[in-house]
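Participant: Residue strings, one per chain:
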Amino acid sequence: MPQEYRLILKHADQAGYTPDIECYLRHGGYEALRKALALGVKELPDGKKMTAQEQIRDEVLKSGLRGRGGAGFSCGLKWSFVDRKSGKPIYLICNADESEPGTFKDRQILHKDPHQLIEGMIISCFANDVKLAYIYIRGEMPEGARLLNKALKEARAKGFLGKNILGTGVDIEIHVHRGAGAYICGEETGLIESLEGKRAYPRIKPPYFPAILGLYMCPTIVNNVETLAAVRHIVSMGASEYAKLGTANNTGTRIVSLSGQVKRPGYFEVEVGKVTLGELIYHENFGGGLREGRTLKAIIPGGSSSKVLKAGEVFKVKKKGEDGQWVPVDMNLLDLPYDFDSLQQAGSMSGSGAIIVMDDSVDIVGVLANLGEFYAHESCGQCTPCREGSLWMSKALHRLTHGHGRKEDANYLLHIAQNIQGRTICAFGEACAWPVLSFVKKFKDEFEARGAADEANAAQGSHAANAVASHKV
Amino acid sequence: MTFTVPSELEAELNELITHYPQKRSASLMFLHALQEHFGHISKEAVEWTATKLELQPINIWELVTFYPMFRQEPVGRHQIKVCRTLSCALGGSHTLHKHLCSRLGLDSKKHGIQTTQDGKFSVEFVECLASCGTAPVAMCNETFHEAVTQEKADAILSECR
Ligand SMILES: Cc1cc2nc3c(=O)[nH]c(=O)nc-3n(C[C@H](O)[C@H](O)[C@H](O)COP(=O)(O)O)c2cc1C
Ligand code: SF4
Ligand code: FES
Numbered sequence: 001m002p003q004e005y006r007l008i009l010k011h012a013d014q015a016g017y018t019p020d021i022e023c024y025l026r027h028g029g030y031e032a033l034r035k036a037l038a039l040g041v042k043e044l045p046d047g048k049k050m051t052a053q054e055q056i057r058d059e060v061l062k063s064g065l066r067g068r069g070g071a072g073f074s075c076g077l078k079w080s081f082v083d084r085k086s087g088k089p090i091y092l093i094c095n096a097d098e099s100e101p102g103t104f105k106d107r108q109i110l111h112k113d114p115h116q117l118i119e120g121m122i123i124s125c126f127a128n129d130v131k132l133a134y135i136y137i138r139g140e141m142p143e144g145a146r147l148l149n150k151a152l153k154e155a156r157a158k159g160f161l162g163k164n165i166l167g168t169g170v171d172i173e174i175h176v177h178r179g180a181g182a183y184i185c186g187e188e189t190g191l192i193e194s195l196e197g198k199r200a201y202p203r204i205k206p207p208y209f210p211a212i213l214g215l216y217m218c219p220t221i222v223n224n225v226e227t228l229a230a231v232r233h234i235v236s237m238g239a240s241e242y243a244k245l246g247t248a249n250n251t252g253t254r255i256v257s258l259s260g261q262v263k264r265p266g267y268f269e270v271e272v273g274k275v276t277l278g279e280l281i282y283h284e285n286f287g288g289g290l291r292e293g294r295t296l297k298a299i300i301p302g303g304s305s306s307k308v309l310k311a312g313e314v315f316k317v318k319k320k321g322e323d324g325q326w327v328p329v330d331m332n333l334l335d336l337p338y339d340f341d342s343l344q345q346a347g348s349m350s351g352s353g354a355i356i357v358m359d360d361s362v363d364i365v366g367v368l369a370n371l372g373e374f375y376a377h378e379s380c381g382q383c384t385p386c387r388e389g390s391l392w393m394s395k396a397l398h399r400l401t402h403g404h405g406r407k408e409d410a411n412y413l414l415h416i417a418q419n420i421q422g423r424t425i426c427a428f429g430e431a432c433a434w435p436v437l438s439f440v441k442k443f444k445d446e447f448e449a450r451g452a453a454d455e456a457n458a459a460q461g462s463h464a465a466n467a468v469a470s471h472k473v
Numbered sequence: 001m002t003f004t005v006p007s008e009l010e011a012e013l014n015e016l017i018t019h020y021p022q023k024r025s026a027s028l029m030f031l032h033a034l035q036e037h038f039g040h041i042s043k044e045a046v047e048w049t050a051t052k053l054e055l056q057p058i059n060i061w062e063l064v065t066f067y068p069m070f071r072q073e074p075v076g077r078h079q080i081k082v083c084r085t086l087s088c089a090l091g092g093s094h095t096l097h098k099h100l101c102s103r104l105g106l107d108s109k110k111h112g113i114q115t116t117q118d119g120k121f122s123v124e125f126v127e128c129l130a131s132c133g134t135a136p137v138a139m140c141n142e143t144f145h146e147a148v149t150q151e152k153a154d155a156i157l158s159e160c161r
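Residue numbers (this note's numbering), protein chains in the order written: chain A, 1 to 473; chain B, 1 to 161.
Certain hints may be false.
Derived BS3-like pairs (lysine-lysine); straight-line CA-CA distance at most 27 Å [said to hold, decoys possible]: (1) B:Lys23 with A:Lys150; (2) B:Lys110 with A:Lys395; (3) A:Lys112 with B:Lys152; (4) A:Lys88 with A:Lys198; (5) B:Lys52 with A:Lys153; (6) B:Lys98 with A:Lys263; (7) A:Lys198 with B:Lys23; (8) A:Lys131 with B:Lys52; (9) B:Lys23 with A:Lys205; (10) B:Lys98 with A:Lys395; (11) A:Lys442 with A:Lys263; (12) A:Lys263 with B:Lys152; (13) A:Lys153 with B:Lys23.
These aren't lab readings, by the way, just hints derived from the structure by calculation. What you are looking at is a predicted structure, and each value in this text was computed from that prediction instead of being measured.
One chain only, chain A, in its complex shape (with noise of 0.2 Å):
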């Protein structure tokens, strides 16, 4: 029976367990720090030498976690190409601007278990020679920032952090950093610019990839809430511990945020790719279904800006046969399991780890309308494709949504995100892109459709009822 696996969020939401030290220490808190601050030396069989930091770093590498933050990149990659010969001090970031529409997750580590994700940093430090790290948390998370900040003073009280970390003389302070409310600044050099006190502007790549420029033009590693508390865990329980949880390349847990229209819609933390987005949707331990007479419509499996996922696709997508080969085979999409790569193959991705659920009562341009007013208020507009273009296509789906559509509105709204895509400085030109592109596709006939009839209204002389018709999402 497909259910919960629960690592990073074990005693989040256990009756009396509280955000503080005292806590955190009765559940073996800090235990993970310790030992990685007791690693000596090791010889290796060839005579050569692993020191304590490079020892975590290979075991991180060797967990095989990826990046919970949406690009699912190898974290002990990431890791590796810090420049660590440059002689300038060495940055982590952690992102906690959860800012992707439908994403929920990190705020669960950061209000239930701030100490998890803390503890975590502070070995990530401790692994890459960084002696400075910032959380980045959004802006309308006050709380949040709150319990952070008493959190890192009860950390320093016990010694765990500030100078002279458990008498190993180790060095390591962590400040919290607010955001404003821009869903910019969790794009990481976009993040890096806002923490240097300047708009959010995301910087271009190359030559600013963070591991080399980052903040104050110095190497800087950033990784997302989750990402940053799963060190902890494959530090506390072993690299080949934590590999065995989930599944090849998708190893460990990750805790996907589920929304919309779903009886119980939460989050849930699972082991990845042991469980389908059927089951999540439907299966009692998660979503439980759609509501009473409902069918499914479409999914969004990662993220706002993940591509849309039509009720009835089947995908290729290669799995694993009985002689051990890749074999390709036809898959339904409630079949898939929920990782990074059979969503990839799927042709979208799970990014965020969030699922937003949308049955037939839908009114799936309303939809898309939408996420189009979404991005056309975050786009920086540093770049013109991406400012003009999400603003365009908000406006095309505005009168689709207000009986003023024409027909070939959906093909100007292909045509646009056709030429933001690739054409940016950051991702956020994709992750408006992709929306449009994956709606407009899948659904063409209902956008076409609704473009006409606001045509043949208004060539009545009257759209007032297919607007009113149209109004609600």
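Based on these hints, arrange chain B with the ligands on the given structure of chain A.
Facilitator: What follows is chain B with the ligands alone, placed relative to chain A:
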């Protein structure tokens, strides 16, 4: 009215500067603190921040005009933010927004933040507040409210003094 930052607040801000290798980094945290204290970011607050951080006022203006949370005009004492984005929209946030507006005599169709004439309440739509599983969600000042039904909304309003 003269602009004075109370000494405890200034001490707090001085401490914040020490968190960063470069003073400029503290600017967002300064603006948060000043807005919390004064209710909005005035020209004086911008200039004061610039001086403290050894910057030009334009360096601060560009932040105030970029980040949606900062405001240059006073708003209601109780600022209500309703999430507008998809999961909340599917969960009824438009109805909630309309209900709040009509209870407070505001026009729900108007764009942007709206404040009641007595300056007690402001209502605005904001983007995803990262609690989509408990849609629709809203914030009243710093307090977070989940699954806000109309009854719950009425209770929130009546608790505001
Ligand atoms: C437009 C945009 C918004 C993003 N928002 C977030 C966010 O809110 N939180 C997050 O952790 N990562 C976000 N990311 C991804 C980050 O750029 C970065 O890849 C991530 O923080 C790296 O951490 P990870 O490797 O641990 O996943 C966003 C990316 C883009 C392009
Ligand atoms: S793609 Fe959009 S959000 Fe990203 S830098 Fe360009 S304008 Fe800004
Ligand atoms: S959509 Fe409203 S909190 Fe995310």
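Participant: Run every hint past the structure and note whether it holds.
Facilitator: How the hints compare with the structure:
1. The hinted pair formed by Lys23 of chain B and Lys150 of chain A meets the criterion: a straight-line CA distance of about 23 Å does not exceed 27 Å.
2. As the CA atoms of Lys110 of chain B and Lys395 of chain A are separated by approximately 17 Å, the hinted pair is consistent with the 27 Å bound.
3. For the hint linking Lys112 of chain A to Lys152 of chain B, the alpha-carbon distance of about 24 Å falls within 27 Å, and the restraint holds.
4. Between the alpha carbons of Lys88 of chain A and Lys198 of chain A the distance comes to roughly 22 Å, so the proposed pair stays at or under 27 Å and holds.
5. This hinted pair checks out: Lys52 of chain B and Lys153 of chain A have alpha carbons roughly 26 Å apart, not beyond 27 Å.
6. Between Lys98 of chain B and Lys263 of chain A the CA atoms are separated by roughly 25 Å; this keeps the pair inside 27 Å, and the hint holds.
7. With a C-alpha separation of about 12 Å, the suggested pairing of Lys198 of chain A with Lys23 of chain B holds against the 27 Å cut-off.
8. Our distance criterion of 27 Å between C-alpha atoms is met by Lys131 of chain A and Lys52 of chain B, whose separation comes to about 26 Å.
9. With a CA separation close to 26 Å, the supplied pair Lys23 of chain B and Lys205 of chain A stays within the 27 Å bound.
10. For the hint linking Lys98 of chain B to Lys395 of chain A, the alpha-carbon distance of about 22 Å falls within 27 Å, and the restraint holds.
11. Distance check on the hinted pair: Lys442 of chain A and Lys263 of chain A sit about 25 Å apart at the alpha-carbon level, within 27 Å; holds.
12. As the CA atoms of Lys263 of chain A and Lys152 of chain B are separated by approximately 21 Å, the hinted pair is consistent with the 27 Å bound.
13. Proximity of Lys153 of chain A to Lys23 of chain B is assessed by CA-CA distance (about 22 Å); at most 27 Å being required, the pair is judged to hold.
In summary, the structure agrees with every hint in the numbered list given earlier.
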